[in-house]
Amino acid sequence: MSIVLIAARQEIKSLRREKLAQALLIVFVGMVSLSSFIGWLTKKNVTAIWQKVKYQGLTTAPNPFANVPDLYYLRNTVIYLVLIGALLAIVLGVASILRDRKAHTADLILTRPIDSRSYLLGKLMGIGLWLTTILGFVTLISWMSIALIIGKALAFGDSLHLVAFFAMSLIFLLGFVLLGMICALYSSRETNALLLPISLWSIITFVLPQLGTADHPVSLLNPVPAIANQGGAFSILNSVFSPLSTTEQFKKASSSILGNPDFIGSPTVGITVLALALMVGTFVLLTSKRDRLRRTLDE
Amino acid sequence: MENVAIRATGLAKAYGEKQALHPLDLTINSGEIFGLLGHNGAGKTTTVNLLTTLLEPSAGSLEVAGFDGSRQASDLRRAIGYLPENVQFYDNLSTMENLHFFARLSGIVKPESRIREVLKYLNFTGHDNERLGSFSKGMRQRVGIAQAILHQPKVLFLDEPTSGLDPVGVRELRDVIVSLNRDLGMTIFMNTHLLAEVSKTCTSIGVLRQGQLVYHDTLNSTLLSFPSEESLEEIYLQIDTAKTT
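Protein sequences appear in the order of chains A and B.
Be aware that the first sequence starts at 1, since it is given in our numbering, and climbs by one per residue.
Be aware that the second sequence starts at 1001, since it is given in our numbering, and climbs by one per residue.
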C-alpha cells in the first residue's frame, strides 16, 4: 500500500473519532438537510400571501415562485456551505496537522522511510474522501427532499446539475481544508493555528466582497452573489478583489449551476478560481519543509 | 569496519549563531548499548535528531547501520527504530490501530501477526483494542517500544526512555532494553540523565556538555579509570567538573 493511501486511511480513522469534527458535521448535515424544507416553507408562505394579496386585488404581478426552477430549493445550501461547511473544512485541516504536532508523532513518522510530501498528500486525500462521502450523502438527501417537495423525481438534467453543484462544493471546501492545514503547519501556537484561517475566511467571505460592492456584511450572507457597485473606484476594486473571494466565486458558480433566475452568467470563472485556489494551496502544502510538521507548539 | 553501527564525523548543528552541537566524532560498534549523558540542554536530543535524520546537520557526516545519512537517508530510516521523549501517539485510536499505522509506514505488508508477536515479546497483551487515551505513561512507553521495533531495526534510538516512569516502570523498561540487545542483537543508543539507568544497562557511555562530547569510553573502562569514585554519579560529576574548570 502506498504512503498516500496509508496516510489517507489513518486520517479517515482519526476524523471519525474527533468530537469537534463530528459536532460540526452533524450541524452541517442537519442544516443542509433542512435547507430544502426551508425552501419549500418559503415557497408555501410567499404563495399563500401572494394569493391573498391577489384576491384582494392589490397586485397583478405573477406569483414570484411560478417559474422557480426545481433546484431553487437548494439555494440555502449554498450559504450553509460558505459558512458552516468552510468552517468545518478549516477545523478538519487544522486538526489533521496539529494531531501530529501535539502528540509528537511527526517524529515517528519522519523517521520512517517515507516522503513527507506523500504523507501530507495522503492526509489531504483522506479528508477529501471523508468530505466526498458527506457530500454524497447530502446530495442524496437533497435529491430526495426536492423530489418530495415537487411531487416527482428530479429531471435527469437537474440531477446532473445537482451532482455538479456538490462536486464543485468539494473543490470549494478542499480549498479551506488546505488553508487550515497550511496555517497549522506554519503557526507556532495552537490557538493561532485555528484563529488565523478563521480570520482569513472572514476576510475572504466578508471583507473582500465588500471592497467592491459596499454591501452590508449581513447581505453577504445571502446566497445570491454580491453585485458590484456602479462607481469608478468600486468597479476597479471589485475587478481586483472579487476573484480573490472564493466564497463569492462559489456563490456565483452555484447560482449559475442551480439556475438561479436572479443571476445571469457562466460558472466557468468561478470554477476556475476555485480550482486555482486548490492548486495553489496544494503547491504550498507540498513544498513546505518537512521540519514544519514536527515543530513543537509554544503552548 | 563492518562492526560499526553508528559513525559521526564532524557532525555539527547550529541554529544561527547558536552552536547546538559542536563537531562530533563518535563511533559506536554493533551490539553496544550506548548511553549519552548530559545536563538538560546539553545537546543530547539534537544529537539523536541528527542521527535519526530528523534534523539536517550544519556540517559533518553520519552513517548508521552502514547507510550514509545524506545519500541513503531512506535506507538508513529503514534500519533504525526511534522512541522520542514524550511521544503521545493517537489517543483516540487503539494500540492495534496505532501500531498498524506505524507498521504500514515501515513497509510491513501484513502487520497483524507481527504486532501480536512484538506485543507478546514485550509482555503487553490484552490491550490490543484499548484506546491509548486511557493509558499510563508506562503503558504508552511499551507501545512506543513496540512501534520502534516492529520492523526489526538494527539500531534503536531511545530519547530519555524512562522519563516520567514510576520505579516499577523504569525497571521493566530497563529489562526490555537489555533483552532487545541480548535477544535480538540490536544496537541501542540511549539519551538519559539518569545515571542508575546507565550503570545497569549500558555497555558504553558518552558525556555531552554544552554541545561538546567531553567523554566516551566503555562502562567497564570508565569504572576502572576512576577507582577512587564510589558510584557512576561521582564519576560523572568528576568528568563534568574536570572539563568545566
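Where hints are given, some of them may not hold.
As the list claims (entries may be wrong) - Just some of the chain A residues that point at chain B, by a computed CB distance under 7 Å:
1) 110
2) 113
3) 114
Simulated from the structure, these hints should not be mistaken for laboratory data.
Glycine included, every Cβ here is placed at the ideal spot set by N, Cα and C.
How the hints compare with the structure:
1. 110: This interface hint holds because 6 Å falls under the 7 Å limit.
2. 113: With a minimum Cβ separation of about 4 Å from chain B (threshold 7 Å), the hint on residue 113 of chain A holds.
3. 114: holds (6 Å)
Violated hints are absent here; each numbered hint is respected by the structure.
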